[in-house]
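K.L.:
Read top to bottom, the protein sequences are chains A and B. Residue numbering for the first sequence follows the working numbering, starting at 1 and increasing by one per position. Residue numbering for the second sequence follows the working numbering, starting at 1 and increasing by one per position.
No wet-lab data here; the hints were simulated from the structure. Misleading hints may appear alongside valid ones.
Non-contacting residues of chain A with respect to chain B, defined by C-beta distances greater than 12 Å in every case (computed) [unchecked claim]:
{"no.": "1", "residue": "Ser47"}
{"no.": "2", "residue": "Ser59"}
{"no.": "3", "residue": "Glu146"}
{"no.": "4", "residue": "Ser151"}
What the simulated footprint calls covered on chain B by chain A, stretch by stretch (three residues with Cβ under 8 Å from a Cβ of chain A suffice, anywhere in the stretch; the number is not a length) [unchecked claim]:
{"no.": "5", "stretch": "6-15"}
{"no.": "6", "stretch": "53-59"}
{"no.": "7", "stretch": "71-83"}
Every residue gets a Cβ at the ideal spot worked out from N, C-alpha and C, and that includes glycine.
The residues making up each chain are set out below.
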Amino acid sequence: MKNRIKTYSYYFVLLFLFWIILSQQFTLEIALIGAGAVGLIMLYSKSLLFSPEETTLFSPGKIVLFVKFIFVMLIEILKSNWQVAKIVLSPSLPISPSFVKVKKTFEKDFDKVIFGNSVTLTPGTLTVDIDEEGFLVHALTKEAAEGLEGSIIEEFVRKLEAE
Amino acid sequence: MIVNAIILILIGSSAFFFGVGTLGLIRMPDTYTRMHASTKCDTLGAGLALLALAVYSGFSIISVKSIIVIAFIWITNPTAAHIIAKAKYHSEKKEELQK
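Chain B extracted, bound-state conformation (with noise of 0.2 Å):
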């Protein structure tokens, strides 16, 4: 009973972070502050849902896996989001000097 109320809480927040995160990526005016919504909410989002699984199932091997794949997303995720900034910004840099 307990534990089906914190599932329903942390599914419930992470489907509101990713709401958040979709809403923002569509409000936001350019690109690093569209990288900003999508990519942190998220980070938050995927990681509320994959605890929500460690949480259902108990202790054992699976919430271990997904605590795992927590880890993996944060560090792939932010990586990403490094890179399409990057990528931004050195391809303006390149126009400017074109003008």
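Next comes chain A alone, as it looks inside the complex (with noise of 0.2 Å):
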């Protein structure tokens, strides 16, 4: 009950601010019909909500660790789309597909997304597919297949996991 009370507000902040932001003004009409919108999606989506065990992403000091995240996913997503576009514009084409089974797994559904759409994100590198054992990842080179190994991703996704 407890737990669901958490959930419930923490989700009604979130979508409130959004609003607030789309709506681009304050007043006293736009905040009640927000919060009566925002009753009615929490309403009808109360399947899909993420409570406290589900997610990671609760507490202040996870936001922060997160919000560190992003700018080093940021870093990296610069770096490898630099080394993507590369590849493509040299004339020989030097790639080397192939599939890697990564031998990962997270306990939470949430964190294996996040890892999930990291990888996938970085350039050079796809999730294929997610089972029980870990993670197949395609690579676009031996060297986003080797890079895989212990990475900032994995890293960061590890210590999101820790409670």
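Using the hints, build the complex out of the two chains.
P.N.:
Here is the structure:
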């Protein structure tokens, strides 16, 4: 029960802020309409909301860590985007595509999603399938495949997962 | 003046990455490698274009909105890429089993 209240208040604040940003002004009417709409949305998508057991982003410390992770990801994306651009532009097209099985698994589905999406977001690697054993990743080059072991992404997701 | 230069650089590199993504889509040999080229360069291309918009509108609600749009693109883009690759992988597996 306590967890459910926590979930609802968390989502209420998040969706309400989003509503205020979209409506560009703050008056009583808008606040009331927003609160009503957010309430209805939460009622409709009750089963979709993450509870504190499912996601790790409920405590302030984790959110700070996540923001740090976003900046690290930005640098990674820039670096590897440049590498893919170089590969595409070079006349000989130096690729050696291969499937790599990354035998790593995370307890929560939420962390799996963060890891999988981060791997896909960094160019050169693409998450193809997820099962109980780990992730099946398609790598564009050998370096990209080797870079998957002990990557900075994994480190951060592990930190996010830790209590 | 300086702001204009920053916007110019952002738009220019955005166009560059979109161009590279499209070129990669044409040059790469199979589905997976094509996914690499197109989706990744789109991520940065669209991101930089929206960032240029955010810089252009200055510190206002519009820049916050365009950053939110970037966040949504960066969540949905890898998800879509993953689903396409997964569909390809599983259909290949099925074909192998039928042989």
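K.L.:
Now, for every hint given, state plainly whether the structure supports it.
P.N.:
These are the hints, each one checked on the structure:
no. : hint   : verdict
1   : Ser47  : holds, 19 Å
2   : Ser59  : holds, 21 Å
3   : Glu146 : holds, 16 Å
4   : Ser151 : holds, 15 Å
5   : 6-15   : violated (count 0)
6   : 53-59  : violated (count 0)
7   : 71-83  : holds (count 7)
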